[in-house]
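Starting from the structure of chain A, add chain B where the hints point.
Quick note, the sequences are listed as chains A and B, same order. Residues in the first sequence are numbered from 15 upward in steps of one, following the numbering used here. Residues in the second sequence are numbered from 11 upward in steps of one, following the numbering used here.
If you're looking for bench data, these hints aren't it; they were derived computationally from the structure. In this text, a Cβ means the ideal position worked out from N, Cα and C, and glycines have one as well.
In silico SDA-like pairs for lysine to any residue, Cα to Cα no more than 25 angstroms straight-line:
{"id": "1", "chain 1": "A", "residue 1": "Lys20", "chain 2": "B", "residue 2": "Gly145"}
{"id": "2", "chain 1": "A", "residue 1": "Lys263", "chain 2": "A", "residue 2": "Leu46"}
{"id": "3", "chain 1": "B", "residue 1": "Lys124", "chain 2": "A", "residue 2": "Glu298"}
{"id": "4", "chain 1": "B", "residue 1": "Lys86", "chain 2": "A", "residue 2": "Leu382"}
{"id": "5", "chain 1": "A", "residue 1": "Lys245", "chain 2": "A", "residue 2": "Met104"}
{"id": "6", "chain 1": "B", "residue 1": "Lys124", "chain 2": "A", "residue 2": "Glu385"}
{"id": "7", "chain 1": "B", "residue 1": "Lys172", "chain 2": "A", "residue 2": "Glu312"}
{"id": "8", "chain 1": "A", "residue 1": "Lys16", "chain 2": "B", "residue 2": "Trp128"}
{"id": "9", "chain 1": "A", "residue 1": "Lys24", "chain 2": "B", "residue 2": "Pro151"}
{"id": "10", "chain 1": "A", "residue 1": "Lys344", "chain 2": "A", "residue 2": "Phe196"}
{"id": "11", "chain 1": "A", "residue 1": "Lys250", "chain 2": "A", "residue 2": "Pro87"}
{"id": "12", "chain 1": "B", "residue 1": "Lys30", "chain 2": "B", "residue 2": "Arg69"}
{"id": "13", "chain 1": "B", "residue 1": "Lys198", "chain 2": "B", "residue 2": "Asp214"}
{"id": "14", "chain 1": "A", "residue 1": "Lys245", "chain 2": "A", "residue 2": "Ser112"}
{"id": "15", "chain 1": "A", "residue 1": "Lys383", "chain 2": "B", "residue 2": "Leu90"}
{"id": "16", "chain 1": "B", "residue 1": "Lys110", "chain 2": "A", "residue 2": "Arg379"}
Computed footprint of chain A on chain B, listed as stretches where at least three residues anywhere in the stretch have a Cβ under 8 angstroms from a Cβ of chain A:
{"id": "17", "segment": "62-70"}
{"id": "18", "segment": "90-96"}
{"id": "19", "segment": "108-114"}
{"id": "20", "segment": "122-134"}
Restraint-style ranges between C-beta atoms, simulated for each label pair:
{"id": "21", "chain 1": "A", "residue 1": "Tyr356", "chain 2": "B", "residue 2": "Lys84", "range": "52 to 62 angstroms"}
{"id": "22", "chain 1": "A", "residue 1": "Gly31", "chain 2": "B", "residue 2": "Arg216", "range": "34 to 44 angstroms"}
{"id": "23", "chain 1": "B", "residue 1": "Asn127", "chain 2": "A", "residue 2": "Thr268", "range": "52 to 62 angstroms"}
{"id": "24", "chain 1": "B", "residue 1": "Lys78", "chain 2": "A", "residue 2": "Leu294", "range": "34 to 44 angstroms"}
{"id": "25", "chain 1": "A", "residue 1": "Phe335", "chain 2": "B", "residue 2": "Glu89", "range": "44 to 54 angstroms"}
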Amino acid sequence: MKGLLKIALKLLANDRGKFFTLILGVTFAVFLMNQMTSMFAGIMRKSTSNVINIGAKMWVMDPSVENDRSSIPLPDYVLDYVRSIKGVAMAVPIYFGSGLVKLPDGTYQGANIIGLDDTTLFGRPPIIKGNLNKIYNSDAFIGIVDSDYRKIGSPGIGSVLSINDHRAVIVALAKPTSGGLFGTPTLYTTYTRATKDLPQTRYSMSYILLNPKSNADIPYIQEQVKKLGYKALTQKEFEKTIENFYKYKTGMGTNIMIMTLISFIVGLSIAGQTFYAFVLENLEKFGALKAIGAKKYELMSMILFQASVTSFIGYGFGIMFSSLIIAFSKARIPNYAAIVTYQNMLIAFLMVVVIAGFSSYIGIRKVLKIEPFDVFRG
Amino acid sequence: MKAILEAKNIVKYFGVDESKTYALKGVNLTAYYGEVLYIVGPSGSGKTTLLSIISGILRPNEGTVIVKDKDIWKMKDDELADFRLNHIGFVFQDYHLFPKLTTTENVSIPLFLKRQNWDKSLKEAKYYLDVMGLGSKADLPVYKLSGGEQQRVAIARAIVSKPDILIFDEPTASLDGETGRQIISFVKEHLLTQDRTIIIVTHDSRIFEYANRILHMEDGKLKQTTNNHFDTEKNNTSVTQLEAQ
Numbered sequence: 015m016k017g018l019l020k021i022a023l024k025l026l027a028n029d030r031g032k033f034f035t036l037i038l039g040v041t042f043a044v045f046l047m048n049q050m051t052s053m054f055a056g057i058m059r060k061s062t063s064n065v066i067n068i069g070a071k072m073w074v075m076d077p078s079v080e081n082d083r084s085s086i087p088l089p090d091y092v093l094d095y096v097r098s099i100k101g102v103a104m105a106v107p108i109y110f111g112s113g114l115v116k117l118p119d120g121t122y123q124g125a126n127i128i129g130l131d132d133t134t135l136f137g138r139p140p141i142i143k144g145n146l147n148k149i150y151n152s153d154a155f156i157g158i159v160d161s162d163y164r165k166i167g168s169p170g171i172g173s174v175l176s177i178n179d180h181r182a183v184i185v186a187l188a189k190p191t192s193g194g195l196f197g198t199p200t201l202y203t204t205y206t207r208a209t210k211d212l213p214q215t216r217y218s219m220s221y222i223l224l225n226p227k228s229n230a231d232i233p234y235i236q237e238q239v240k241k242l243g244y245k246a247l248t249q250k251e252f253e254k255t256i257e258n259f260y261k262y263k264t265g266m267g268t269n270i271m272i273m274t275l276i277s278f279i280v281g282l283s284i285a286g287q288t289f290y291a292f293v294l295e296n297l298e299k300f301g302a303l304k305a306i307g308a309k310k311y312e313l314m315s316m317i318l319f320q321a322s323v324t325s326f327i328g329y330g331f332g333i334m335f336s337s338l339i340i341a342f343s344k345a346r347i348p349n350y351a352a353i354v355t356y357q358n359m360l361i362a363f364l365m366v367v368v369i370a371g372f373s374s375y376i377g378i379r380k381v382l383k384i385e386p387f388d389v390f391r392g
Numbered sequence: 011m012k013a014i015l016e017a018k019n020i021v022k023y024f025g026v027d028e029s030k031t032y033a034l035k036g037v038n039l040t041a042y043y044g045e046v047l048y049i050v051g052p053s054g055s056g057k058t059t060l061l062s063i064i065s066g067i068l069r070p071n072e073g074t075v076i077v078k079d080k081d082i083w084k085m086k087d088d089e090l091a092d093f094r095l096n097h098i099g100f101v102f103q104d105y106h107l108f109p110k111l112t113t114t115e116n117v118s119i120p121l122f123l124k125r126q127n128w129d130k131s132l133k134e135a136k137y138y139l140d141v142m143g144l145g146s147k148a149d150l151p152v153y154k155l156s157g158g159e160q161q162r163v164a165i166a167r168a169i170v171s172k173p174d175i176l177i178f179d180e181p182t183a184s185l186d187g188e189t190g191r192q193i194i195s196f197v198k199e200h201l202l203t204q205d206r207t208i209i210i211v212t213h214d215s216r217i218f219e220y221a222n223r224i225l226h227m228e229d230g231k232l233k234q235t236t237n238n239h240f241d242t243e244k245n246n247t248s249v250t251q252l253e254a255q
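The shape of chain A in the complex, shown without the other chains:
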């Protein structure tokens, strides 16, 4: 069988034009599919950046909250209630809001303002420069050095800004785990300062962050919070809720899915058609092989092998080009939202398996139909 497969490979590779076209077709399809799904994964990851960066094990929120940016302020008694639930190790408030930063040229830039619990500073980002304790100085803020920080002029330590006409001094710089989706710079301060400097509704607490004593306590805490009319989600659950919001309620997921499907169809058509042409060209030869004594499964193996080799080479090139483009784009465009994940590669791989299967199927169907007698008849 090894010899036959080697022959199958040579038949394929020696027809350079067709081999190249086949690989190109699959490469193109994989490139597009991986590009689309990577963008999707990147967007999803960025959409949950606040939840990832803050890192609380559980979040308590209004039941109608669908994503972190549209929080519904909670009354203060919820915090007291949550703190009283058995199994809660710690519960602190957090404030999510936005302010306008006045730039030196007189223009304004919107910024996310996150107010951390004054006592614990729970959810603070890792400080890369400056002193965290200075957050308690008057007008102190921590600047988050991500790709959007330059939009407010990349202020260094000691820089003075104007946020909503309040004085703000950068006392430390921090690096986030994940950048945000909407291209807005982020500043951290204390809960008290945030609620004082920014316009408020009746209640000011966006979420309650809590850590359970153990994972076993999570279901009980969720049940107790639910009894009060609110919901408590684990970090993963909250991330999933946000992702689902962007996937199903913004059209983003549908659009990317359609693009992925189109790239799959394009790849399938190119690869399928070229492979079919390749099989047609060699059809009489396959008929001759049948006459000589090749069995059906041997011919099927040869074709399946050819389709698989082509598809997997195309897969490799597709993933490589797509990763290179993503890496290049990220180097050039800091906000570029795309990450290549194992899941993306698996999706592309499964689609390539379908392409290989489809291409083989149409080839095999044709080859199995040819009768050696037709070879004699010419």
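Structure of chain B alone, referenced to chain A:
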């Protein structure tokens, strides 16, 4: 002489009901060890159909084909494929070689089908290419060879598995007269052994002189068998009609 192949009362038709067309109408044929047997006749006379049936690639509607004491049409598909691989060598009219493979690789294909390893197969194939006078072209892709050379590659591929029956379909159709004669003369001289039969379907009367027997077909029937006494010493041909079906 001992028979290697016996076809009895072969009937083959194509189509059904009103469109049913008979290609063979009860043909009997016997091929003996050590002979060159020609099947000749006009287009549509059924010679290719007969060749396909006796070589195990087209199932007859009626009749039996016994090769080396085995009824080949009682075999299952895979058995039949093995039978063809081990007992029949085909040289097709258009050769049906893979043009982008080397001559050696083309010749090795039956050996790969027999699960022989790559290196051993290539070595054996090269030997047969040497036999066919193509040793120097072993590593060339087939498309670089002339028509005559390609046919010799096809013959090497047919004999590499040491078949009992060698089947040629219109072997001289695309060759000039001289090359055609050279090829058939070579085949008879070098490939015909006491353990082998060569069956040739042809229109080409220029090569009739190399046949031991000639079966004349017409309208799906064997019209007559000619015993052809070829005298190599005198290089002439005397044809005696032996029997008419």
